[in-house]
Amino acid sequence: MLMIRAIIRPEKVNQVLSELCDAGFPAVTKMDVVGRGKQRGVKVGDLYYDEIPKEMLMLVVRAEDKDDVLSIIMRNARTTPKGAYGDGKIFVTQVEEAYTISTGTKGL
Amino acid sequence: MKEIIAIIRMNMINKTKQALLENGFPAFHCRKVMGRGKRKVDFTLIEEILNLEELQGTKLETELAEYHRLLPKRLLSIVVQDQDVPKVVETVIEANRTGSPGDGKIFVLPVQEIYRVRTGEKNESAL
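Respectively, the protein sequence lines represent chains L and D.
Just so you know, we're using our numbering here: the first sequence kicks off at 5 and counts up by one.
Just so you know, we're using our numbering here: the second sequence kicks off at 5 and counts up by one.
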């Protein structure tokens with residue numbers, strides 16, 4: 005199992021979530037975050053804004069579904085077909101075990 | 005060392021905190037998140053309570069819109085030694101289990117290194 009954490013623009017969240025739902029990945033957790041990237045934030049005049057609001061989507065999927073989820077997120081979170089700075093980042097980490105609390109069973 | 009991420013119901017946080025403390029795991033980190041699971045949630049009950057016309061144009065309205073409805077949840081993150089993982093998982097399940105869908109999920113992730121900021125200690129001694 006893999007945990008996919010995607011940091012994307014807040015205005016793209018709705019589109020990404022509905023596309024994920026259509027593709028059969030309804031389970032997702034969303035949280036508000038602020039951050040900056042390699043471009044050191046946004047420069048307006050002499051001022052750097054380095055705490056830019058973003059949304060973090062967190063989902064745990066089977067390893068074979070990873071590529072599907074990544075392509076859905078990347079396709080829908082881009083602002084232009086080629087993409088622009090600030091569209092976000094995706095991190096993939098290993099998950100060893102998962103449990104469902106209501107039944108106590110192991111597995112996704 | 006393992007990180008245990010548990011997503012639980014909002015109103016269960018106090019009970020879970022108490023249960024973890026009693027079992028010797030006082031240290032954790034938690035935050036408010038929005039999420040959805042595999043099951044579709046029946047929102048007609050919420051619609052009956054809320055007057056949707058009053059909400060038009062607000063942030064809440066977009067959050068209640070048809071496709072991407074998310075429910076508020078608590079996300080707990082607990083970092084423990086390998087051998088404590090089953091005990092923590094059991095504690096969290098026991099404290100949060102109501103038996104109906106929506107109780108939440110627990111994920112166990114590996115952690116490579118841990119440092120204590122105050123002293124610079126590493127790994128086991130920093131935990």
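Hints in this document: simulated from the structure, not taken from any laboratory.
Do not rely on the hints blindly, as some may be mistaken.
Dumping the calculated EDC-like pairs for lysine to aspartate or glutamate here, alpha-carbon to alpha-carbon at most 16 angstroms [what the hints assert, rightly or not]: (1) D/Lys-6 with L/Glu-23; (2) D/Lys-21 with D/Glu-94; (3) D/Lys-44 with L/Asp-26; (4) D/Lys-6 with D/Asp-88; (5) D/Lys-36 with L/Asp-36; (6) L/Lys-110 with L/Glu-100; (7) L/Lys-110 with D/Glu-26; (8) D/Lys-6 with L/Asp-26; (9) D/Lys-42 with L/Glu-23; (10) D/Lys-42 with L/Glu-100; (11) D/Lys-19 with D/Glu-98; (12) D/Lys-91 with D/Glu-26; (13) L/Lys-16 with L/Asp-36; (14) D/Lys-91 with L/Glu-23; (15) L/Lys-110 with D/Asp-107; (16) D/Lys-19 with D/Asp-107; (17) L/Lys-110 with D/Glu-98.
Pair by pair, the computed Cβ-Cβ distance ranges are [stated by the list, open to error]: (18) D/Asn-18 with L/Val-48: 20 to 28 angstroms; (19) D/Ile-17 with L/Val-46: 31 to 39 angstroms; (20) D/Lys-44 with L/Phe-95: 24 to 32 angstroms.
Backbone N, C-alpha and C define an ideal beta-carbon position, used for all residues, glycine too.
Status of each hint after checking the structure:
no.	hint	result
1	D/Lys-6 with L/Glu-23	violated (32 angstroms)
2	D/Lys-21 with D/Glu-94	holds (14 angstroms)
3	D/Lys-44 with L/Asp-26	holds (13 angstroms)
4	D/Lys-6 with D/Asp-88	holds (9 angstroms)
5	D/Lys-36 with L/Asp-36	holds (9 angstroms)
6	L/Lys-110 with L/Glu-100	holds (11 angstroms)
7	L/Lys-110 with D/Glu-26	violated (24 angstroms)
8	D/Lys-6 with L/Asp-26	violated (33 angstroms)
9	D/Lys-42 with L/Glu-23	holds (15 angstroms)
10	D/Lys-42 with L/Glu-100	violated (20 angstroms)
11	D/Lys-19 with D/Glu-98	holds (10 angstroms)
12	D/Lys-91 with D/Glu-26	holds (12 angstroms)
13	L/Lys-16 with L/Asp-36	holds (13 angstroms)
14	D/Lys-91 with L/Glu-23	violated (38 angstroms)
15	L/Lys-110 with D/Asp-107	holds (14 angstroms)
16	D/Lys-19 with D/Asp-107	holds (13 angstroms)
17	L/Lys-110 with D/Glu-98	holds (14 angstroms)
18	D/Asn-18 with L/Val-48: 20 to 28 angstroms	violated (44 angstroms)
19	D/Ile-17 with L/Val-46: 31 to 39 angstroms	holds (35 angstroms)
20	D/Lys-44 with L/Phe-95: 24 to 32 angstroms	holds (28 angstroms)
In summary, the structure is inconsistent with hints 1, 7, 8, 10, 14, 18 from the numbered list given earlier, while agreeing with the others.
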